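Visitor: Protein chains in written order, with our numbering: chain A, 1 to 824; chain B, 1 to 74.
Some clues are possibly wrong.
Unchecked claim - Each pair of labels, with its calculated beta carbon distance range:
| hint | chain 1 | residue 1 | chain 2 | residue 2 | range |
| --- | --- | --- | --- | --- | --- |
| 1 | B | 5 | A | 515 | 37 to 47 Å |
| 2 | B | 70 | A | 818 | 16 to 26 Å |
| 3 | B | 5 | A | 172 | 44 to 54 Å |
As the list claims (entries may be wrong) - Each computed DSBU-like pair below joins lysine-lysine, with the alpha-carbon atoms no more than 35 Å apart:
| hint | chain 1 | residue 1 | chain 2 | residue 2 |
| --- | --- | --- | --- | --- |
| 4 | A | 758 | B | 7 |
| 5 | A | 173 | B | 22 |
| 6 | A | 173 | A | 126 |
| 7 | A | 43 | A | 428 |
| 8 | A | 606 | A | 675 |
| 9 | A | 181 | B | 22 |
| 10 | B | 22 | A | 621 |
| 11 | A | 49 | A | 181 |
| 12 | A | 130 | A | 150 |
| 13 | A | 662 | B | 22 |
| 14 | A | 173 | A | 43 |
| 15 | A | 428 | A | 6 |
| 16 | A | 428 | B | 7 |
| 17 | A | 130 | A | 192 |
| 18 | A | 56 | A | 155 |
| 19 | A | 675 | A | 573 |
| 20 | A | 647 | A | 662 |
| 21 | A | 765 | B | 7 |
| 22 | A | 495 | B | 22 |
| 23 | A | 758 | A | 495 |
| 24 | B | 7 | A | 126 |
| 25 | A | 155 | A | 188 |
| 26 | A | 43 | A | 765 |
| 27 | B | 7 | A | 497 |
| 28 | B | 7 | A | 188 |
| 29 | A | 495 | A | 662 |
| 30 | B | 7 | A | 495 |
| 31 | A | 647 | A | 573 |
| 32 | A | 43 | B | 7 |
| 33 | B | 22 | A | 765 |
| 34 | A | 621 | A | 606 |
| 35 | B | 7 | A | 621 |
| 36 | B | 22 | A | 497 |
| 37 | B | 22 | A | 192 |
| 38 | A | 6 | A | 56 |
| 39 | A | 495 | A | 43 |
| 40 | A | 647 | A | 606 |
Hints listed in this document are in silico derivations from the structure and should not be mistaken for laboratory results.
As the structure is a computational prediction, the values presented were derived from the model and not from experiment.
Quick reminder that beta carbons are idealized off the backbone N, C-alpha and C, glycines included.
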Amino acid sequence: MRTSRKRLVALVGQPNCGKSTLFNALTGASQHVANYPGVTVDKMTGWYKHDGARVKVVDLPGTYSLTSFSPEERVSRDFILHERPSAVVNVADASNLIRCLYLTFQLIEMNIPLILNLNMMDVAEKRGIKIDAGRLADRLGIRVFPTSMKSGRGKAALVEAIAALSGEVEPAKGARIDYGKMEPFLRKIREKLTSETTLGENYPVRWLAIKLMEGDAEAQRLVEENHPAPAVFLESVAQNWAVFTAHSDEMPEIHIANRRYQTAGEIAASSIEPPSMAARPLSDTIDRFVCHRVLGPAILIGVIWLLYYLSIVQGYRLTGLTWPLLAGLRDLVEGAAPAPGFIDIPLMRSFALWFVDSINALLNYIPIFFILFSCIAILEDSGYMPRMAFIMDRVFNRFGLHGQSTLPMVLGGIYVGGCAVPGVMACKGIPDERSRLATILVIPLLNCLAKVPLYVLLINLYFAAHAAWAMFFISTISLLLVLPIAKILTLTVLKDKETAPFVMEMPPYHLPTLRGVLGPAVERVWLFLRKISTIVAAVAVVLFALLQFPGLSSERTDHYRNQKEAALESFFKGIRGTPYAQDLQDEERIMDLILYGDAYRNARMKASGQGAMESLAEEFKRRDPLYFQIVQPGGDRDARQVNRAFKELHQTRRELLQTMRKERIDNSLLGWLGKRLEPFTRAAGFNWRINVALLSALAAKESSVATLGALYEQEESGETLEQRMAREEGELTSLHALALMLFMVLYPPCLAAGIAVKIQAGALKWMLFSMIYPMALGLGVASLVYSGGKTLRLSGLEAMFAFYGLALAFTVLMGLFKNKTHYE
Amino acid sequence: MTLNEMKPGGACRIRRLLAGNKLGQRLLDMGIYPGLQVRVIRNAPLEDPMELELGGYFISLRHEEARFVEVEPR
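Input sequences plus hints: build the corresponding full structure.
Guide: Printed below as a string of structure tokens:
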């Protein structure tokens, strides 16, 4: 019974028909986005109250048609067929009715409770188009409601109509398209369907027959599942298909579509008064500049620059403001975690801090993402996005990519300093599956911000005299690697993936609305966080274990204990005879003092201004006058003596902790792995320490430099990591550095990017592939550069130029090859 | 002649779609059907793809796809 069913309204319509405006107008703030399971299509749902009843609204993805070619079309069609909404609202652009009716006819054939909503009436009227809604409703056999959602015109009537339709037991059937010479074929298939299967109970048989003549794969699947002898049946369909094709000039699917357009044209002609004069829309005028031969690319570069500047540069500035919040979170955890001992740091404590640091590293990106997603939403909302694709398609198409790969690649870091996560996330809209996957898979090879610290470190160390050249090399080489790799991927692993024709609408420009921009931006950030946080947390745990265990042997622990005792002994000796000696007799008190000293120093670093410093001193003095005297001895001679001894102890402890940490990493599973990998990375010139650093960078690339910092311990304070590395790795040359940098260019995506790959590519196997192939490739390239360079006795700089030349030549060569496309 | 041979600024009527299957269906879904009047607006800055006006809205497609649309210039 329809009346007892819960009220569920589905909105269907072609892209750019104002469907989201209607959705927003109906549901207000009560909406949310999710993904349809298994496909990367957004699922917007919301609800509103009408006459005390709760009405759920689902905004189906915009589709031009309802075949089963694209995920959007499949999702929309399956939803209508299987969820059985109590009302389906077909949103149409009133100024573009013929094309919209093409979709309307497909909906009518599905025998569903349908309303046609002529939206954007204001635009149509402005263009002088007059629509007789009553006549249109008569001809179509369904109810028609003109609205203009921007001003809310017609909304109340539409809501009433939805309620009325939801209450109807037997909704109007709608007009029937005459498929002319195909009708006899349809009748035959229908009869067979009705007599041989029970499909008629759940599906409109005429619709199914039409779909079968169209060669629709999903319809065939339905038959296979429901027919006792599907092979025989489908054979008869194929025969009908062949006979029709032979007897007419047209392919059946073309004939069907043609008839729909012809009927749409006839109906439109009888109920629409076309514009008195062809208005030349403002959009076309704008396009004369935006798509201009010279101005177009210039504007594109400007837009890209602005995008970069706003999201990456200003976004990072914004993280400066949000970082204290995250640091506060860390402080909170630090306070709650078990207190550290002199050299025994409780496992719970290091784990809690490691965990917070990992999560914080991710949360730190939020301001950048927010700005980025807002910018993307502006580009999408305004209509510039398709123009970007229009301008760049020729270049990218040569390499198996797509015009719509432009934005993702820009975000990923075409120059230095992108981020693969938003880049991969922006691949969503690329309709061509092969190009989309290729884009997703190569984006992590672009230069994200996290790769930069290592570049800077190595360039300062080994290419200081030619830093500008090295920087230019590293920032452009990634593009020269990405393009041919994309091409190779599309010719090999992605060879059999579906491609789609590049037929793209260039919608009129719109002024973006605040709601249309902020809404999606907030939603996307939220979706990203929810999906990613759990996985990042899980991997943080695994990596922690890999770095922590098996830990130090009891011998080594004893060794460090002895060192600790010695340090304490020398401290006691140092303070003997002072009035403080009595108060600082046991380890517990001393640990207390160390924590107090650290807290004071941290607080001082955060405080600014004379007044703040003074009140801070007051506060700490109140907390513990004795400790304060030691930390801030002033003129007191005894206190100064204790202060000196304390500083020394403090320093010794820090060094001990660092040495222990290094040894723990050396002994850890990851360290073991690094040593085990040495034979494989020897050709690339990496020693085990570099291996460990690179392995630890798997979670986040920033860690590479941090791990190197931990591995190359500090002997004297103030020594930079550059100096330490230079001292300890005397045998490393600029050739090693070049190999290492190139490996970093081709480094697998970080965890967050890996997850993004999984989300956008839709399968775990692509995530794994995206992790493994760059690793192999990176090792290959690094080995080629290092071993090749060594054999030829090239310096790092010479090898750099040589490799650049090779990459450039290879890219040009690959670009000359044309990807074959087959259209039958 | 076929659509890809049209020069920017030229107008024509679509006579027939030479591709079936995915491309043909896609062209029809996007509103390119026999009998329709079409105007070629421009080529992209690198010559490909091309932009068309079809009775009030704008579509871009690659030349290799436009080869499958038979037109009759006006």
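Visitor: Checked against the structure, which of the hints given earlier come out wrong?
Guide: 4, 8, 10, 11, 13, 17, 19, 21, 25, 28, 29, 32 and 35
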